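Just so you know, the protein sequences line up as chains A and B, in that order.
Counted from 1, the first sequence has number 144 at position 144 by the working numbering; the numbering is strictly sequential.
Counted from 1, the second sequence has number 387 at position 387 by the working numbering; the numbering is strictly sequential.
Hints were generated in silico from the structure; no laboratory data involved.
These figures come from a predicted structure and were not determined experimentally.
Wrong hints could be hidden among the right ones.
Unchecked claim - Cut-off 20 Å, straight-line C-alpha distance, at most; resulting in silico cross-link-like pairs (DMTMM-like, lysine to aspartate or glutamate):
id	chain 1	residue 1	chain 2	residue 2
1	A	Lys105	B	Glu706
2	A	Lys205	B	Asp765
3	B	Lys211	B	Asp184
4	B	Lys730	A	Glu88
5	B	Lys751	A	Asp209
6	B	Lys23	B	Glu42
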Amino acid sequence: MSEAGQRVLVVDDEAPIRRYLRAALNAQGFTIFESANGQEALNAVIANRPDIIILDLGLPDIDGIEVTRQLREWSQTPIIVLSVRESEQDKIAALDAGADDYLTKPFGTGELMARMRVVMRRQTSKPDEPILQVDELKMDLSRRVVTIRDEEISLTPTEYDILRLLMQNAGKVITHHHLLRQVWGTAYESEMHILRVNISNLRRKIEPDPSRPHYLLTEPGVGYRLKVL
Amino acid sequence: MQNRPDPDELLKHVESEETGRGKLKIFLGYVAGVGKTYAMLEAAHQRKEQGLDVVVGYIETHKRAETEELVTGLEVLPRKQIEYHNVTLPEMDVDAVLKRRPKLVLVDEFAHTNAPGSRHPKRFQDVAEILDAGIDVYTTLNIQHLESLNDVVAQVTGIIVRETIPDRVIDEASEIEVIDLPPDELLTRLQEGKVYIPEQASRAIDKFFRKGNLTALREMSLRRAAERVDDQMRSYMQTRAISGPWGASERLLVCISPSPLAEKLIRTTRRLADELNAEWIAVYVEVASKPENNPANRERIGRTLQLAEELGAKSITLSERSIQEAVLDYARKNNITKVVIGKPLKPRWQEIVTGSVVDQLIYASGDIDVYVISARTELNKPIIPSDWQPHQPIGRYLLSLGLVALSTLLGILVRGDLEPANLVMLYLASVVISAIFLGRGPSLLAAVAGVLAFDFFLVPPYLTLAVSDTQYIVTFGMLFIVSLVISSLTAQGREQAEAAIRRESQTNALYNLGRDLTSATDLNNVADIVISHIGQAFGREVVIFLPENGRIHPFASSPNYQPDENELAVAAWTFDHDQPAGRGTDTLPAASIRCVPLRTSNGMVGVLGVHPKESGSLLTPEQRQTLDAFTNQAALAVERASLAEQAHQTELLQATEKLQSALLNSISHDLRTPLVSITGALTSLDEQSESLDDENRRSLIVTAREEADRLNRLVGNLLSMTRIESGAIKIHSEPDDIQDAIGTALEQLGKRLGRHGIQVNIPVDFPLVPMDFTLMVQVIVNVLENAVKYSPENSLIEISAQLMDKKARLQIFDRGVGIPAEDLPRIFDKFYRVQRPENVSGTGLGLSISKGIVDVHHGIIYASARTGGGTVITIELPLDEEYSQ
Chain A
1 MSEAGQRVLV VDDEAPIRRY LRAALNAQGF TIFESANGQE ALNAVIANRP
51 DIIILDLGLP DIDGIEVTRQ LREWSQTPII VLSVRESEQD KIAALDAGAD
101 DYLTKPFGTG ELMARMRVVM RRQTSKPDEP ILQVDELKMD LSRRVVTIRD
151 EEISLTPTEY DILRLLMQNA GKVITHHHLL RQVWGTAYES EMHILRVNIS
201 NLRRKIEPDP SRPHYLLTEP GVGYRLKVL
Chain B
1 MQNRPDPDEL LKHVESEETG RGKLKIFLGY VAGVGKTYAM LEAAHQRKEQ
51 GLDVVVGYIE THKRAETEEL VTGLEVLPRK QIEYHNVTLP EMDVDAVLKR
101 RPKLVLVDEF AHTNAPGSRH PKRFQDVAEI LDAGIDVYTT LNIQHLESLN
151 DVVAQVTGII VRETIPDRVI DEASEIEVID LPPDELLTRL QEGKVYIPEQ
201 ASRAIDKFFR KGNLTALREM SLRRAAERVD DQMRSYMQTR AISGPWGASE
251 RLLVCISPSP LAEKLIRTTR RLADELNAEW IAVYVEVASK PENNPANRER
301 IGRTLQLAEE LGAKSITLSE RSIQEAVLDY ARKNNITKVV IGKPLKPRWQ
351 EIVTGSVVDQ LIYASGDIDV YVISARTELN KPIIPSDWQP HQPIGRYLLS
401 LGLVALSTLL GILVRGDLEP ANLVMLYLAS VVISAIFLGR GPSLLAAVAG
451 VLAFDFFLVP PYLTLAVSDT QYIVTFGMLF IVSLVISSLT AQGREQAEAA
501 IRRESQTNAL YNLGRDLTSA TDLNNVADIV ISHIGQAFGR EVVIFLPENG
551 RIHPFASSPN YQPDENELAV AAWTFDHDQP AGRGTDTLPA ASIRCVPLRT
601 SNGMVGVLGV HPKESGSLLT PEQRQTLDAF TNQAALAVER ASLAEQAHQT
651 ELLQATEKLQ SALLNSISHD LRTPLVSITG ALTSLDEQSE SLDDENRRSL
701 IVTAREEADR LNRLVGNLLS MTRIESGAIK IHSEPDDIQD AIGTALEQLG
751 KRLGRHGIQV NIPVDFPLVP MDFTLMVQVI VNVLENAVKY SPENSLIEIS
801 AQLMDKKARL QIFDRGVGIP AEDLPRIFDK FYRVQRPENV SGTGLGLSIS
851 KGIVDVHHGI IYASARTGGG TVITIELPLD EEYSQ
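Whole structure, please, built from the sequences with the hints as guidance.
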């Protein structure tokens, strides 16, 4: 896909990080805008109409989560938040507020590009494609059939729903709560162990080695993600 | 007396020497209406004009226009309204004054008695607190309120003044201004209605405002003020070593008894001491063989001694065999020149029988003068002799009669076989038994009844009081006397024994407290012991308050007892002023708790509160003394424990500091190493890019990247360690899939696993294990990282999980270099690293972080040697949810 000319808004109060991102993203053909705090960022979104926002959570004025929440009131521009290790609650809060994905600092450029690609592709993809595919895992939504290396596997309705949700959002992290809400309903939002048992069973069916998952990755403390290659 | 210094100069000298405490100025008048309040207000205005911060704490203008006019222009603090029996009584608000902190505060009517429920019973105590806070006070006082003049005023005017203040309060004043007005002018003012007279007193006024009375009172106030100037003059000359007219100093000793007249004795002695400018001491002698048992009398003795102290005396209690010996012994040892004693109140005949203390004292006094002071008899209230107990149960007397009857019965049975002289012994036996078991009274009855019964039943002719042989008269006489002596001796012995037992039990209680306290290890322990011992000895609930950040708070208390807000306030007052407060004291006497400072030679360490289980019971003076002894011991123990705790804290701090410096050393090394590689690689790429071939460039980049990763992990580890060490780590434990945790850990390790083979064996139906997923992943990462580091490439690392009884066991096996057996327990210590492979890097934090995390999960982690070479790390986590919360 073409990245040339795509507009990226980088929001971080640390100048060296902005400089690094500018260099790395410029090389990939992006147009870069920078903001050093939350208020600037909100103004910049209006002024520059970016195609994607890279937003640090620890901003000096408005919390990054709050910036996300305010943006989401009127904008669907994809947001990738940056946060440090050991702040799972912030990550979840940012995702709940409407962020599309997150990256833990420090991160490699390759990782960032992959995440950006995923959220931007989703932005442009048609929502009702009947066949979803990740590597050798295929899901035919019209026939409700899942195959791995062209071999059909039988899933329970719940496992099917989980996998469908993950595949429709392939590459994107889905929080525990979101999964529980979507698959079981709001009443089950805190029944984490049901989700874990089902994920474990699902892995045994789709993963070549359930101990070293290839498709269904765990984001510790946050949720699950279907890996895209 | 030409060189007599100027009194004003002297006053300045006195003032200048005082430090910290506020200065008290008293406007002294001889009666209401001389214009004290007016004079005080005028003086206040003058001070205000000089730029002083002056406020009115409490002024009673009695609606007199000229006085009210003077109040305007001064800041008046609001009064405190105190509810008492549905009446609101306005009082000075001490706290408002302390909070406002003026330079000078005006407080009218120094001798005023506060409404019940106020902090102090008397206003002069409020003033003392204000002075202590460094605020100057102007106040007014009429001479008749002075304690030592109280009875003289009563004698002269016939009016007993109830509101009195101790003389020492006046002595402490920096300045006294006498407000004088000739009696004639005063009477004119009175007729003009310019003197405020309270309604209830209007009947007394005619009696009181007579010229004779007024002149006498005026003389008293002028004389008093003059005395004071004289005192200051004298002390000034003394401090300057100027020789003067004073002679060798006199020392007076006044002996008091439980009699209500003792108070008069005290007042008289104070006046005498004043006149002689002598030091004086009040003494109460407790006769060892006749301890004072009547609580009312004990209470009165305590009050009298307290009065003496208020009037400036030192008070002591002696315990001796005889009063005169104790008094004279003390007098000689302490250079007493004069002994004051009250006239005996006993009838003359009784004195002849029992001996007169006064006579004995005078006889043995030698060169010490003895003053015998009379007392007015109308004040005489019946005194209850200590050893006479009228409410002796009648049963005891009946029992003693029964004993006599028994002796008689035995006597009748054997009277044919034994001489009457031997039968007498039976009666003596009954007298002795009565004396021992029934007390003095019953034994006296037994003596009398015995003589009569002996005559009636056992001396021929029987059943008549007549005797055939006159020599029996001697037997009767002797029987009677011997009985009296025995009964008296035995009863005395018994009373002494009782007193001794009482003292012994106190000594024992004190000893037990001391003994238990020596075995106490920490502050909690000390507090518990003090509370239980004092609680037991006094039948009261006990609480210990300790300071923290300068404020007092309850540290420990008797079970089921928690001090309320008011009681806490009492304790706070005690702590701030280093004085007892609450029940039975002068400060906040309405409180239910009595607080005493826990004081050692190094200062206050806390406050002890005793709270009666049922209301109404006060401590006797004796109990108070014992409580003081307990308090001293408790204070020492609390201080010792606090010091020990401080020492322990310091030790901990030192250990922490040591650890921190070790940590810093290690960290600075470990942080710098990757930075060296990164900086080196980047500078090479920057500065020598032309001379580098592709392979070298690639190698530099890989190095920088790997080292940056390492640095990142190191920082992460340090953060985790800090969180674990500081206890800031919070675990969100939820049942989770252990296989998922292993998978996530393997995913995170990624390339770092190198070419090691990984094999995971987990039973299919393995249950969810309660854990904090993120933290447990970190544990597995750290353990695996270690296994990779210390085992050769291409070797297999195995991970297995097993279910045990209420536990999940996770084991990680490697085929590495293994750990020497003696090092196995130490590998989870911070910064520990097995020293073998040269090329292994790391801080040695990984495993200790893992242990920290497993610990907060209430699990265990340990290392053991693997058969066939290598190491096994075992992690066991409890399955039961309640252990992991």
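Item to check | Violating hint indices (sorted, rising) | outcome: none
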